[in-house]
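Residue strings, one per chain:
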Amino acid sequence: MRRIAFLLFAAVSLLSVAGGETRPRYGGTLRVMMQARLDSLELSTNGTPGDYWDAARVQSMIADTLVSIDIAGRPQPGLALAWQSDTNGRRWSFTIRRGVKFHDGSVASAAVIAQIMGERHADWTVRGTGDALTIESESSLASLLAELALPRNAIVKKNSGGSPIGTGPFRVADFQPGKTLKLIANEDSWAGRPFVDAVEIELGRSLREQDIALALGKADLVEASPQPPALNNSSQRVRTSLPVELMALVFPANSKAQDLRVREALALVIDRKPIQSVLLKGAGEPTASILPNWMTGYSVAFPTQANLQRAKVVLADSRQPTLTLGYDPRDPQAQLISERIALNAREAGITLQVSLSGVADVNLVRIALPSADPATSLREAARALGLQQPLIQGNSLDDLYSAERGLLDLHTTIPLIHLPVASAAGGRVHNWQPGRAGDWNVSEVRLEADSR
Amino acid sequence: MSFRKKLLLIFALTVLFCVVVISASVWSTMRRSFDRANDDRANAVAAQFRSEFQRRGDEVVRKVEAAAASESVQRIALEINHGASDSGGYVGEARNLAVQQHLDFVELVDHQGTILSSAQWQAKFGYPEPAIPSAIGSAGAFLKREELSTGSTLGLFAVRAAGVGEEPLYVIGGERLDQGFLSTLDIPAGTRVLLYQNLDANWNPKALLDLNGPASGAEKIAPLVEQVRRSGQESQSVIHWSDDSADTESFHAIPLNGPNQQVLGVLLVGSSRRPLIELQRQVISAALLVGGVGILVAVMASLWFAARITRPVVSLAEAARRVAAGDLYAQVDVASNDELGELASAFNHMTEDLRQQKERTLQAERVAAWRELARRLAHELKNPLFPLQVTVENLIRAKEKAPELFEEVFREGTATLLDEVNNLKTIIGRFSEFSRMPQPQRKPTQLNDVAHSVLRVFQAQLQEKSQIKVRTELDPELPQISADAELLHRALSNLVLNAIDALPQGGEITVGTKTAGDEVELFVSDTGSGLTQEECSRLFTPYYTTKQHGTGLGLAIVQSVVSDHGGKISVESTKEKGTTFRIELPRDAR
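Listed in order, the protein sequences are those of chains A and B. With the working numbering as the guide, the letters of the first sequence map in order to residues 1 to 452. With the working numbering as the guide, the letters of the second sequence map in order to residues 453 to 1042.
If you are wondering where the hints come from, they were derived from the structure by calculation, not from laboratory data. One or more hints might be untrue.
To be verified - Restricting the straight-line Cα-Cα distance to at most 35 Å, the calculated cross-link-like pairs of lysine-lysine (DSBU-like) are:
no.	chain 1	residue 1	chain 2	residue 2
1	A	LYS157	A	LYS179
2	A	LYS179	A	LYS281
3	B	LYS658	A	LYS312
4	B	LYS658	A	LYS256
5	B	LYS877	B	LYS895
6	B	LYS672	B	LYS658
This one's a predicted model, so the numbers in the text were calculated from it and none came from an experiment.
Could you put the whole structure together from the sequences, leaning on the hints where they help?
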């Protein structure tokens, strides 16, 4: 018996030693660095995609959405546990999760949520009673769930100081605009308390600074260049998302390139592959479509091969003005890519002068594709690119294709590359499982005990 | 122009000519020297440029060789030889090499001539490098046009291969050939260097660089650059920058050729011509000063020389004028033994001969006059004397032979005697009157009145000779003159009388007056038989007459009256058509 007791004790001891690395451990402060120099904790539509992702990540730590969309485009419960709509998609009913509280202790009731959503969407009629929330609109809201899953529709209110108060796993402890943000664990989070006690975010740090800080152990979670793993530091864990950004050329309405043939020729003459393989060091995918292939599966229908001869034929009789090509100077690769595009264009006789001054005739832009739902991403992309909203007639892939083709027919936007976003975590970080769409899932992260 | 002035002018022109010739000679020599100095400076700068070009070229070659031998290039070459397909990792290598080697341009090019990495245009990877085929064999540096994202530029390049494996990796490196290159040259004072980067098909003013970038006033240099671009040969030109003639610059243009002898640049060495022009101005000023002083000295000297040389000539001329005026006693001093002295001596001799000859002539004329007077007197007196002699002889004969008739003969004889004595008295009176011609007593006189008065005197006589018609052409606007009306009356009367005598068979007499400038004219014409040329020339000689019973004093008296009034008389006669006497008198008394 004593022998059995000893064996049991020994087994329990061994298990406790062996499981020391894997057992969930609470506590510690997760040190995060971001490029974005956030001046507020609200989502901005003016920043770079990097700014967007950073703001969305911060938002996801503070607040929850009613639903979320998984990588397959399927809706998943959030603050709403269930939902249903009428046949034409104009009236939606949600069942709100009970017992959820904001960081200030107030209950996130259907009525409060309805008030928050109603203030954001004047064209909706939002009502909340008990745990039932209804959203009505005069037009069909076929993609309402994907829309509600966007970070901008997170359920968040503000305190008297303007700080966001959400229902997320962390609440704002201190915010120095543009410099630092400190979040502490929400003990009453409906999804359970996060493992780390706090998250300290340093804002406005370049990728190089983040990389160095990670290498020196001064940061736990940083952004990284979306280059193939072989070119990254093998000691770091780099996670690359699916392509969730689009790099494209956009002609503004007042561009001198009013001739469709000039725009079409430019679209034909750009050799995307060297841009992707050399300048972007193999990151991303050359594309001629707005939506990435992983969302739609049809992007091969938009050929990406350069066709110089065809471009010259298209340009044969057209007047070729000298165009200026602008780019975002905050994007480290944009200048080189712009020069490469100008070089390609010159082969067809199109003069593109890369310039940062004045209003450009064509701009190299980078936008985020914020949703795994293709229709929602297409709408968001059209908004970001300054295009008309796509006319998506139905829910089929053909309808989506037709809508996207319709957006690109005038060549006012020339898609170039679909890019992923990448993040890297230090050795202290455990159970880090970032989403394929670029989200970080910080609430699941555990930190190794500090040996210092 | 006087001989002295001519002499003065010749002296001045000679001095001026000498000054101009000397100044032009000095200027020409100086300009040649200046141009030679300019050429020397331009050649020196060009030589310096070539030397610097060579030095920088060697430097570029050395740097490119170092780049080709660098570890990174060797590694890339090795990877390429091992079949590395992804050249994406090399994009930044050229820029790193450029920084390491302090080169403006670096490109890594594979054996097929494809750019793997470009420092100057990073986006250019994957494009062919057109210079590779021709540049591979060149040991030294060469000029090359380089395309950049911002445009084209000119560079001094070298190419070297990284010697790893069978597939060479070429490193093309270079430095800009622009104003920075020019600033390394040691430019002499007054000289500047411009560089035209011949990168465009047409003239581009922005491609003309000086030490500070695009050069100003490029358009004026354009023709010279164009000429060099077309010909590929060195050329020179002078550029006028403004209206100021000193603001000019002479340019020496030297073509800079690429490997295929195409003109890729033009080096322009400019030398300011201001020193030359200012020197020219100084020379001109000095020449003007020297010329002015020289001319002044020449004038003074020539005045002195001319006075010295022309004094005998002037004396001679003065003496000649006196001789011409009738002073045959004029003599000049013979002060030298030269030609002028001989001329003066000859002149004196001549005047002496003339004087003696005139005295002899006067004496002969006087004798002739006396003879003529004697002949005339004899002739005039002989006519009345003969009746006197006959009458006295008749009286004597009648007293002796027919006393009874004596009384009658005496009466007739005394009557004849008295007539002839009166005739003698008349003759003597005329001679006396001619000898006692009074001086004119001038008063305001209207010649028309004188003419009317004379015609009234002859009115009765002319009425008797009805075959003579009188016509007047008197100028009603004729001004008064200062004259003796009585003497003019006498003169005009003689002319009218002569006209009447010239018309024994009748005819027409015209008496007229007219104004001729400062003179008035009085004329008497007849339509008689006219006079011969000889008669006309002798008409006014005293005692010369063409009439049977004239004394020959009438026209002499007329000429005397006219002469005393400061006028002149002339005669025009045509045989068988008539004769006209014209008296021209000054308006004012002289």
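Consistency of the hints with the structure:
no.: 1; hint: A:LYS157 with A:LYS179; in the structure: 23 Å, holds
no.: 2; hint: A:LYS179 with A:LYS281; in the structure: 31 Å, holds
no.: 3; hint: B:LYS658 with A:LYS312; in the structure: 30 Å, holds
no.: 4; hint: B:LYS658 with A:LYS256; in the structure: 26 Å, holds
no.: 5; hint: B:LYS877 with B:LYS895; in the structure: 33 Å, holds
no.: 6; hint: B:LYS672 with B:LYS658; in the structure: 13 Å, holds
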